[in-house]
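Which chain is which? The protein sequence lines are A and B, in order.
Quick note on numbering: our numbering labels position 20 of the first sequence as 20, and the sequence is numbered without any gaps.
Quick note on numbering: our numbering labels position 33 of the second sequence as 33, and the sequence is numbered without any gaps.
FYI, nobody ran anything at the bench for these hints, they're computed from the structure.
Think of the CB as a built atom: it goes at the ideal place given N, C-alpha and C, for glycine as much as any other residue.
Hints are not guaranteed to be accurate.
Stated by the list, open to error - Computed cross-link-like contacts, DSSO-like style, restricted to lysine-lysine with a CA-CA straight-line distance of at most 27 Å:
#1 B:Lys36 - A:Lys156
#2 B:Lys64 - A:Lys63
#3 A:Lys73 - B:Lys66
#4 B:Lys13 - A:Lys163
#5 A:Lys85 - B:Lys13
#6 A:Lys156 - B:Lys13
#7 A:Lys163 - B:Lys61
#8 A:Lys163 - B:Lys66
#9 A:Lys51 - A:Lys73
#10 A:Lys63 - B:Lys61
Stated by the list, open to error - Listed next, the stretches of chain A that the computed footprint assigns to chain B, with coverage defined by at least 3 CB atoms under 8 Å from CB atoms of chain B:
#11 6-17
#12 29-40
#13 43-49
#14 63-76
#15 99-107
#16 128-142
#17 177-187
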Amino acid sequence: MSTTEANNSHAAISSWFAKYGDDMYSWATYKTSSKETAEDLVQDTMLSAYKSFDRYKPGSNPKTWLFTILNNKIIDYYRASNTTKSINATELQGRSVEEDHFDSNGVFSKVQDPLWGNTEENLLDNAEFLTVLESCLENLPVNWRSVILGKYFDHKKGSEICKELGITSSNLWQMAHRAKLQLKTCLDQNWKDN
Amino acid sequence: MNPLMKIAMLSCKQASILAAKKAFNALSFGETLKFKMHSKMCSACKSFQQDGALIDEAIEKIMKQKEGQNLRLTDTQRERILKALD
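Isolated chain A, as found in the complex:
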């Protein structure tokens, strides 16, 4: 890269960052539930964009290009969190959340009190309920949350989520099932008691 080209790409990347930085940061924060991680991912994205500026097709939408890079970084982040240590920890958490709900025969060990209770109120309109659920979502293990977000935020197909996270479909269903149990436990503890 000549000095002029380097200056040009630096100027372009800086102006795109000024324009799309907040959008990228918001997106990465929702996808990772961490502002710190999001900032790192945006920084990595801008660096990658700068280094591979020659791969940007002039005239195409820079925002689309940046978001493609960002989404790859987010997937890398999900995958990197799949260390043996974290997989083992999540497996333990998964078994324990199953044990909380089911006896050794796989039968629900407690009466399932519906979240609705006896009220006619629509919980979907209850801001407090949504806030509690949101914090429950944030506290899910990273890979369970990425499964849930893949489904309800990105509306991806199961096969796509599996491919991105490098998991089998049986893993996917088990994670979704365990995430649901964990969310139910979290809501029972933090919302119903209020």
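Chain A is already provided as a structure; the job is to place chain B on it using the hints.
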């Protein structure tokens, strides 16, 4: 074996996994049948599935709301990122 007994052999835990599978449209015909029969006969599962559907809807609503909100990088964060580019 009596077919009803086979259905009864589906545990609540298995039914919960099938429910997750169902959300990804991955149930076979046989599994759909088993799942439906079990859920009909088991009130705990029925209640759990209803809550599950509510949680799904609520997650979707939360995510939609989030998509509409824009967070902003602080000036310090912006400076840090721009510095990394130099």
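How the hints compare with the structure:
no. : hint               : verdict
1   : B:Lys36 - A:Lys156 : holds, 25 Å
2   : B:Lys64 - A:Lys63  : holds, 21 Å
3   : A:Lys73 - B:Lys66  : holds, 20 Å
4   : B:Lys13 - A:Lys163 : holds, 26 Å
5   : A:Lys85 - B:Lys13  : holds, 26 Å
6   : A:Lys156 - B:Lys13 : holds, 25 Å
7   : A:Lys163 - B:Lys61 : holds, 26 Å
8   : A:Lys163 - B:Lys66 : holds, 25 Å
9   : A:Lys51 - A:Lys73  : holds, 15 Å
10  : A:Lys63 - B:Lys61  : holds, 26 Å
11  : 6-17               : holds (count 4)
12  : 29-40              : holds (count 4)
13  : 43-49              : holds (count 3)
14  : 63-76              : violated (count 0)
15  : 99-107             : holds (count 5)
16  : 128-142            : holds (count 5)
17  : 177-187            : holds (count 6)
In this structure, the one hint that does not hold is number 14.
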